[in-house]
Amino acid sequence: MPDEPNAFQTALALILGRDPDLIGIVALSLQVSLSAVLIAALIALPLGAALALWRFPGRGAVVVMLNALMGLPPVVAGLAVYLLLSRAGPLGEFGLLFTPGAMVIAQVILVLPIIAALTRQQVEELHDDYREQLASLGVSRLRRIPTLLWDARFGLTTVMLAGFGRASAEVGAVMIVGGNIDGVTRVMTTAIVLETGKGNLPLALGLGIVLLGLVALVNAAAHLVGETARRRVG
Amino acid sequence: MKNAGLTLVAIGLTGLSLGVSAQEGDRYITLASTTSTEASGLFDAIIPPFTAKTGIAVRVVAVGTGQAFEIARRGDADSLLVHDTDGEKRFIEEGYGSERADVMVNDFVLIGPGGDPAGIANAESVTEALSLIAEAQTPFASRGDDSGTHRAEQRLWENAGVEPGGEWYRELGSGMGPTLNTAAGMNAYAMSDRATWVAFDNRQDLELLFEGDEALFNQYGSILIAEEPHPHLKHDLAAQWHQWLLSEEGQAAIDDFEVKGQQLFFPNAHPD
Amino acid sequence: MNDMAQRLPAEIPTLDLSGVGFTHRGQTLLHPLDLQLAGCQRTLVMGPNGAGKSLLLRLAHGLLAPSRGRVSWEGRPPRQAMVFQRPVLLKRSALANLTYALAISGTPRRRRTPLAREALERFGLGALEKRPARVLSGGEQQRLALARAWLVDPEVLFLDEPTAALDPAAIQAVEAAVRDFHRRGTRILMTTHDLQQARRLADDIVLLFGGRLVEHSPAERFFADPQSPEGRAFIRGELVW
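Protein chains in written order, with the working numbering: chain A, 3 to 236; chain B, 264 to 535; chain C, 9 to 249.
Do not take every clue at face value.
What the hints assert, rightly or not - Partial list, computed: chain C residues near chain A (C-beta under 10 Å):
#1 H69
#2 V79
#3 W81
#4 A89
#5 V91
#6 F231
Stated by the list, open to error - Stretches of chain B that chain A covers, calculated by requiring three or more beta carbons in the stretch to come under 8 Å of a beta carbon on chain A:
#7 342-355
#8 411-418
#9 502-510
What the hints contain is simulated information worked out from the structure, not anything from laboratory work. If you're wondering where the values come from, they're calculated on a predicted model, not measured in any experiment. Think of the CB as a built atom: it goes at the ideal place given N, C-alpha and C, for glycine as much as any other residue.
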């Protein structure tokens, strides 16, 4: 097919063309996934740290559950959120279905177990190191949570990036709860599904390349910040 | 490092607030419709004039017909535009819809490999064409997703007296576009709505082989959702959309819509 | 620190270990022992590897709960700090490691940095305050750990083989620090392998052997005339480490 543009040319044209529709889709993708990771982190970081520090009956079950939820299929999460937010569902009156808010909620559910489970593991390892020193200083368990989270910050950056990767790559959940509405809830992944459905494979793949580039950019930014800080703090 | 963290927090929060402000107020309705209409680009042609006239935006959630009914039953859509007349009538009988009207027709076509191994191109009717495919046992890719198109395909097999099955009959459980992608990949026959086929770019060896039988006509209907089960819906705005689709202006907009020089939807609202 | 004024030894609560023993997975690591430490003494705990020295320190400091017996302080528990053989420092700057300890002890925020800087100066780390603690040399790390303990102003300081991995100059710095603590009125309980170090620092000696306390004597008498056969063998350098 010498006349047809290939995916890379399409991707390049998409980026250079600065098509306002595409910019809107890219911006919404970033907003939804970054918000989801941020909200999930606010809950999952302290939760994971607490799980690392407290021993209680049933803790093993909770840890296994969290690890299992890392593999939760996005469609299932989407369906659950759909049933919750649907008008006929318990949270229907907020009218969140088919809005970016609903997509954020679904992605929070997908990302939270990843961040919590990996945080639990990293904090537990670090705490093995710190336990005696912190006990000697008389640091309460509650006070140890921010201490350990801060000292594990480099590893936890990677954990957050793993969460961001999952959020920005998934399509099953945002498709169901967002509805892929043009200009309102259409993100990169749902746009790719739509273009694939139209048989417009170069455009679909082009969008895929743009998405990959975007995720790479976010990762590179986090890496740069992390490396600079690591060099400063050791 | 602390500053970087704060920046990240700020980005995230802006994201949230922007996400919320991206909604254009309350002057919009949510329309549950089918992937075939969405993928053809019809809505991009007919919604802007409606919005320009009424100030009402239309948010299209394009799903399979079965899912569209389910979304409407749960009160998550203000309006329905689908193509399964029997299902639409049942929806009204169940009390979820208050009014149904014909809006337009398009038609289904049979697609297949350019060599046409089953020889359907010269068939007299769609039932004959399907029988030929079944006899030759050449691969046939079926939607298999209980969509309007899938239901129509099953009715046609029934009319042809064939119970499709066996290795040549492949139920994909996919939308129209993905089904065509798969058919192209395995050089199979398939039934598609004309709109999706015309807009479809990844044809490879596939060609349109059979068309024009009246049995292949596909009626689209617009449904007004009943106020009773879901009083919160935007019934007033949805009624304006419903009336506009049936109005001369709306029908003309559908009539004018073309893809690659072909008209895909033929308005057929009957004025009462 | 402002409260450099020497404490009266009698103000420091007496540590009372009565019948304290420790068993782990059916193995007795420390046989029940009685030990009383009062005043502002420098007690050095000696004995071969695996004798239970570190264990004794951890039990006394409260990092471990005894399997039997009781660890108690007469009156109230004193302010305590511990310096470990391998210093555990937070992944932050040297200064931040100290301000953290001050935050934990409830020092008002605006006083933390000046106090921490003072402590860094005192332990010869003034130029390194912005350095990540984890990239300091072994000796510097141990001095930072001592500075952190200094800020707690402990009445009792535990040191677990603090010089085991250090070069002679760093050892000297640690020993000087121990003397400073002692001058300020801090009771010292420290383990060591090093007989010479014990001669230099000890007021009294606790000798452990195979998880048993075999002797607790004033240093002068211990080195001149050990009361236990193990003590005598130890002084002669005949105990296998």
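Now for the hints, and whether the structure bears them out:
Here the hint on C/H69 is kept, as its CB sits about 7 Å from the closest CB of chain A, short of 10 Å. The beta carbon of C/V79 comes no nearer than 14 Å to any beta carbon in chain A, farther than 10 Å, and the hint placing it at the interface is violated. Interface restraint check: C/W81 against chain A, minimum CB-CB distance 14 Å, threshold 10 Å, status violated. About 7 Å separates the beta-carbon of C/A89 from the nearest beta-carbon of chain A, less than 10 Å, and the hint is met.
For C/V91, the shortest C-beta to C-beta distance to chain A is roughly 9 Å, which falls under 10 Å, so the interface hint holds. Hint status for C/F231 relative to chain A: violated, with the closest Cβ pair at about 31 Å, above 10 Å. Check on the region 342-355 of chain B: 0 of its residues sit with their Cβ under 8 Å from a Cβ of chain A, so the three-residue criterion for coverage is violated. For the region 411-418 of chain B, the stated coverage by chain A is not satisfied: 0 residues place a CB nearer than 8 Å to a CB of that chain, which falls below the threshold of 3.
Against chain A, the region 502-510 of chain B contributes 0 residues with a C-beta closer than 8 Å to a partner C-beta. That does not satisfy the three-residue criterion, and the hint is violated.
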